[in-house]
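Engineer: Residue-level listing of the chains:
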Amino acid sequence: MNPIKKIFDLLEHDFSESGNFAKLAPLFDATKTFFFLPSPKTRLGPFIRDHLDLKRYMSVVLLSLMPVLFFGMYNTGFQSGLARGESLDFWSAFLSGAWVVMPIIIVSYAVGFFWEILFAAIRRHPISEGFLVTGMLFPLTLPPTIPLWQVALGISFGVVIGKEIFGGTGRNILNPALTARAFVFFSYPVTMSGNIWVAGADAVDGITGATALAVTADGGTSLTATLADQGFSLPHLFFGLVPGSIGETSALCCLIGAAILILTRIANFRIILGGIAGLILTALLAWLLPGTYGTWADAGPLFHLCAGGFLFGITFMATDPVSAPGTNPGRWIFGFLIGFLTVVLRVANPAFAEGVMLAILFMNVFAPLLDHLIMKQRISKRIPNV
Amino acid sequence: MEKITPSKGFKLKLAGMPDTSIIRLPRPATVGVSALDIPHIRPKLLVKEKEAVKTGTPLFHDKRDPDIRYVSPGTGTVKQIRFGPRRSLIEVVIALDSMDDFVEFDPVSPAGLGSLSDQDLIDRLKQGGVWQTLRQLPARDTADSSTAPPLIIVCLNGNDLFSPHPGRVLQDRVKQFEFGLAILRRFSDRIIVAARKSSMNRLGPVSERITHQVADIYPAWDPGAILYHIKTKAEENQAWYIHAEGLIRMARFLETGRYPVETMVTVTKGHDKKPHMITRLGSPVHLLAGNFPAGSMITTGQLNGRKVDPDTHLGFFETTLNILPDAPEDEMFGFLRPGLNKPTVSKTFLSCLVNREVQLDGTLHGEERACINCGYCETICPVDLMPSFIMKALHGDDIEEALQLGLLDCCRCGLCSFTCPSKIELTQILSLGMDTHHKDKQG
Ligand code: SF4
Ligand code: SF4
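The listed protein sequences derive, respectively, from chains B and L.
Counting from 1, position 191 in the first sequence corresponds to residue 191 in this note's numbering; the numbering is continuous, with no gaps.
Counting from 1, position 182 in the second sequence corresponds to residue 182 in this note's numbering; the numbering is continuous, with no gaps.
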């Protein structure tokens, strides 16, 4: 027998109903099933079942996050090198970035899992795999300079208030990772927006770098020219070698992630395409408005698409099925309105540099209503049974 | 002939299509009449252990309508009456004598059918133990003879993907098939005869009678799924249906005045191609199944049947057995593997890129979790339901909402449970909801 399996079999008893660590049974189960995919016999029909389960489902989401994660590590190192005036080769940039990013991820997972296990033990249910994704998504939305205690506080808020208060996975209205991010954003605005600190390899260097969305043009030049001046030319924004949150800077990597999610049908393409369409149309309209010279209204669709966290948000946050609508027309509308609101928020209120976060949270709240309306209409099309 | 081509349903290619050759099995030592495959029945026993019975002697009836009786498919003595928990009837087992002695009725020829009044015809079919082959949607209860059905659907294909080929079932039975249709016309002017596209060959003269050809996507040939696609108004929900075997059984009973005891069964086991088998109604499962590896699961429909114990007997309505292998050992890091050998209707394993016949085992491939609203169940539901929403309505005890969402259109095909990544027993939950509703309505 597999030696690891033996260890689990040996420990099984201690974590059973009568064992010493009965309360920790969910932790034991989660660890065990992480190593060994369980496949109990079907008790009820249908007797054959698909091989897809939540572990696989969430693994695919994690896979789709790998490009933004690795690029984020590299970029963090690269930016800090840039800030110190060094130009690092690929590996030293990557490693120094990883050195900064990994602790953030580890804290997010460790603290989040602590809450998950606690609630699983109290509620006596298994730990949901959904947290594998939440625990990774949250750090990717943070600037690399974030203090670790804020990471811990944020993920605690996201898991406890964003999810468990509603009754746990599947019942939460808001996306937990985004809730965590919003909490940190509003509680510690200095670390989160405007001028962010660029992380150094060993210490925080104290050189500020503004994110693209914080840029406004001084009279005379156009916004896009100002952006380009400050290093935010369109190609830079597209490839992502700019300062910003760990996972959000590269439009390209987000698009690769979106492609993985759409090809595997894990994310609903309607949300992503609807979102992009909403953003582009609204940005076009804003661009056509007179008298906006030099503001984000004048940026045009491509800058709106590539700057900030829109692509990250629409790809990885908005597509979280639990907090998105469950009907197809609802998904289109949901996505479209997120795109629309993102631009509106960016244009109308430059203080909230990142509109997409609020746009998604706002639409999360309306997702059940959208579903309700669509279902009403669907019911009216069915031939009634009774 | 109309074509029904639903866009949703089960699109994996499963291994196990039986061979179309036919063998005749030896006479079994025992036969049984099971109560487990009869929807909604409240059985009342009419015989005791050790009692002698003829072929056609009623063994139990339905308390809700004592005229609906289930009769012995053989002559011999009642060997055993098996009960399950809370003394619910499992089956009545008959030890067979070497010769059949029939309960005799006056034969009715196709020409003589006209001289029988409607009531006489119904009474005769009920006495003979064949009326209940006619079922009524949406609850799939025994057809209510006091009402006139808006239409009757004749389903040539059985419940499972690998149920007997109708061309084989109807082989040499064309006369009886016509007679059966004549009987049905006494109850309704609108008779639908539906067959799978892949069954259209080998149907011979019967193919002239087909009114609807349905695509080969499970469960398109299910009566509920067919009705969903052809109905235009609410009254049609009460349609009756009958399977080819039942129709033949009805016709042969009238024609000979004796309970017809022969039936055709298919058995599927992985990549084995077993022939169609002619055997006696209620044959022992182990006789049909033959040898199978320990740990296998035997079902009467891998997606919509029931699990059977090899020591019991095949039910009145059942015509197929699927032998599903046991799962291999728990796999280390199973969820991280590319999964060339993990069949799925999703696109999350590499297996979705290869188009070959696959074999699934009888395990869940995961553990139950909360619904994540992923929508897989809706994507596959052949009758356009949103099973997760209906489940939530039922959990909130809001049967009205569940009904509005179309609960009663559910044809219990099992696909939503099949596909759910959270391994939620959706089909079970919806079935319970429908059954409770049906029971409440009957009072
Ligand atoms: S397939 Fe399962 S998890 Fe997905 S929406 Fe349906 S019930 Fe929920
Ligand atoms: S709800 Fe489920 S069982 Fe019912 S028809 Fe739809 S997929 Fe089949």
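Watch out, some of these pointers could steer you wrong.
Computed beta-carbon distance windows for the label pairs [stated by the list, open to error]:
1. N349/B with D216/L: 27 to 35 Å
2. L62/B with E236/L: 46 to 54 Å
3. D311/L with K6/B: 30 to 38 Å
4. E49/L with K41/B: 41 to 49 Å
5. M200/L with V386/B: 33 to 41 Å
6. V386/B with D123/L: 47 to 55 Å
7. P235/B with D397/L: 18 to 26 Å
8. A148/L with K41/B: 53 to 61 Å
9. K41/B with I23/L: 25 to 33 Å
Heads up, incomplete: computed chain B residues facing chain L, CB under 7 Å, no partners named [stated by the list, open to error]:
10. K23
11. L44
12. L95
13. A98
14. R124
15. S128
16. R265
17. Q377
18. S380
19. I383
Pulled a few chain L residues facing chain B out of the computed Cβ check, cut under 10 Å [unchecked claim]:
20. G167
21. Q171
22. E262
23. F292
24. A294
25. M297
26. G301
27. L324
28. G375
Bear in mind the hints are in silico, worked out from the structure with no lab data behind them.
C-beta atoms are modelled at their ideal positions from N, C-alpha and C, and glycine is treated no differently.
Engineer: Are A294/L and chain B close enough, Cβ to Cβ, to be under 10 Å, as the hint says?
Structural biologist: 13 Å, violated
Engineer: Does the closest beta carbon of chain L sit nearer than 7 Å to the beta carbon of I383/B?
Structural biologist: 6 Å, holds
Engineer: With 10 Å as the cut and Cβ atoms as the points, is F292/L at the interface with chain B?
Structural biologist: The hint is violated - F292/L has no Cβ within 10 Å of chain B, the shortest such distance being about 14 Å.
Engineer: Is the interface hint satisfied for L95/B? The criterion is a beta-carbon contact with chain L at less than 7 Å.
Structural biologist: Violated. Min distance 25 Å.
Engineer: Looking only at beta-carbon atoms, does the pair P235/B, D397/L fall within the given range of 18 to 26 Å?
Structural biologist: Given range 18 to 26 Å: violated, Cβ gap about 58 Å.
Engineer: Taking the closest Cβ pair, is R265/B under 7 Å from chain L?
Structural biologist: 5 Å, holds
Engineer: Under 10 Å is the threshold here; is the Cβ of G301/L close enough to any Cβ of chain B for the hint to stand?
Structural biologist: 7 Å, holds
Engineer: Quick check on R124/B please, does its C-beta sit within 7 Å of some C-beta on chain L?
Structural biologist: 13 Å, violated
Engineer: Should the interface hint for S128/B be scored as holding, given a Cβ-Cβ cut-off of 7 Å against chain L?
Structural biologist: Where the cut-off is 7 Å and the nearest Cβ of chain L is about 6 Å from S128/B, the hint holds.
Engineer: So, as I understand it, the hint says G167/L touches chain B; can you test that by seeing if any CB pair is closer than 10 Å?
Structural biologist: 26 Å, violated
Engineer: Does the Cβ-Cβ separation between D311/L and K6/B fall within 30 to 38 Å?
Structural biologist: 36 Å, holds
Engineer: Do the numbers back the hint for L324/L, that is, is its least Cβ distance to chain B under 10 Å?
Structural biologist: Holds. Min distance 6 Å.
When held up to the earlier numbered hints, the structure conflicts with 1, 4, 6, 7, 8, 10, 12, 13, 14, 17, 18, 20, 21, 22, 23 and 24 and fits the remainder.
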